[in-house]
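*Asks:* Build the full structure now, drawing on both the sequences and the hints.
Residue numbers for the sequence shown follow the UniProt record's numbering, beginning at 1 and rising by one.
These aren't lab readings, by the way, just hints derived from the structure by calculation.
Among the hints, a few may not be true.
No farther apart than 20 Å at their CA atoms in a straight line, the calculated lysine-lysine pairs in the PhoX-like style are these [as the list claims (entries may be wrong)]: (1) K163 with K89; (2) K51 with K89; (3) K69 with K89; (4) K51 with K69; (5) K163 with K193.
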Amino acid sequence: IFTQKSLNVDNKNVFTAGDDADYGCCGICLLILSGFIILLTFPVAICMCVKVVQEYERAVIFRLGRLSKGGAKGPGIFFVIPCTDEYRKVDLRTVSFDVPPQEVNLHFLTMAILTKDSVTISVDAVVYYRVQDATMSIANVENADGATRLLAQTTLRNMLGTKSLSEVLTDREEISAGMQATLDIATDPWGIKVERVEIKDVRLPVQLQRAMAAEAEAARDARAKVIAAEGEMNASRKLKEAADVMSESPNSMQLRYLQTLTAISAEKNSTIIFPLPIDMVTSLMTKK
Numbered sequence: 001i002f003t004q005k006s007l008n009v010d011n012k013n014v015f016t017a018g019d020d021a022d023y024g025c026c027g028i029c030l031l032i033l034s035g036f037i038i039l040l041t042f043p044v045a046i047c048m049c050v051k052v053v054q055e056y057e058r059a060v061i062f063r064l065g066r067l068s069k070g071g072a073k074g075p076g077i078f079f080v081i082p083c084t085d086e087y088r089k090v091d092l093r094t095v096s097f098d099v100p101p102q103e104v105n106l107h108f109l110t111m112a113i114l115t116k117d118s119v120t121i122s123v124d125a126v127v128y129y130r131v132q133d134a135t136m137s138i139a140n141v142e143n144a145d146g147a148t149r150l151l152a153q154t155t156l157r158n159m160l161g162t163k164s165l166s167e168v169l170t171d172r173e174e175i176s177a178g179m180q181a182t183l184d185i186a187t188d189p190w191g192i193k194v195e196r197v198e199i200k201d202v203r204l205p206v207q208l209q210r211a212m213a214a215e216a217e218a219a220r221d222a223r224a225k226v227i228a229a230e231g232e233m234n235a236s237r238k239l240k241e242a243a244d245v246m247s248e249s250p251n252s253m254q255l256r257y258l259q260t261l262t263a264i265s266a267e268k269n270s271t272i273i274f275p276l277p278i279d280m281v282t283s284l285m286t287k288k
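*Replies:* Right, dumping it as structure tokens:
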């Protein structure tokens, strides 16, 4: 004899199987009648009573509408009573999915998000989850897969709505971790374990892409001008130092003239200008 107990977790009803259910007179009579029919039709009834579930599956049995004692059955062989027992299989393997704004049967999550920068962006995310408690996934929620998909959509929208555009672009891992924690807590009464959430892509409007490209180009131009100005300043300092050194030694200027003459002759020019020595120019100016 089994029972059905209802616990309250976060204002949600969570059902568990007990061990002292009262099926009533009609229920007991129906169980006795079912057992009698099994005996009369043995061994043909074995084909209807014996069921098998795979290694990655569990079977949740309802006897006269109540959860059967012992929780989910499987993997392997289990026994059901015809006419009184009903069972549902639950797949325990990890599932990945996407919940777009209008469709719920794809493999990636796509939706329009309005950030606090008032910039509309499109975000792709992938959610991985698995059923860790088959009984809770059947008894506590009508459609665990659909409810998880809808919850993932609203959770992603709420989290990104509180972020700035720069935070969305740079803090993907933080957003994924926060979304996973939120989903895992919310789906725990449903027997769902959210294993991983990944932000796949953030797509910006074309106008915003152009504006960001123009801003980045302006920033690059500004940096280039700053670098050029710093180079000019450093070059002027070096020229000043060189001029100070040459002013202390007049012969160094003549050597510089000779170097310039050598550089000009190497260019294969048709006209070459020979500078006059400084001493000769000084003597001519003194005679005048």
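*Asks:* Check the structure against each numbered hint from earlier and tell me which ones fail, lowest number first.
*Replies:* 1 and 5
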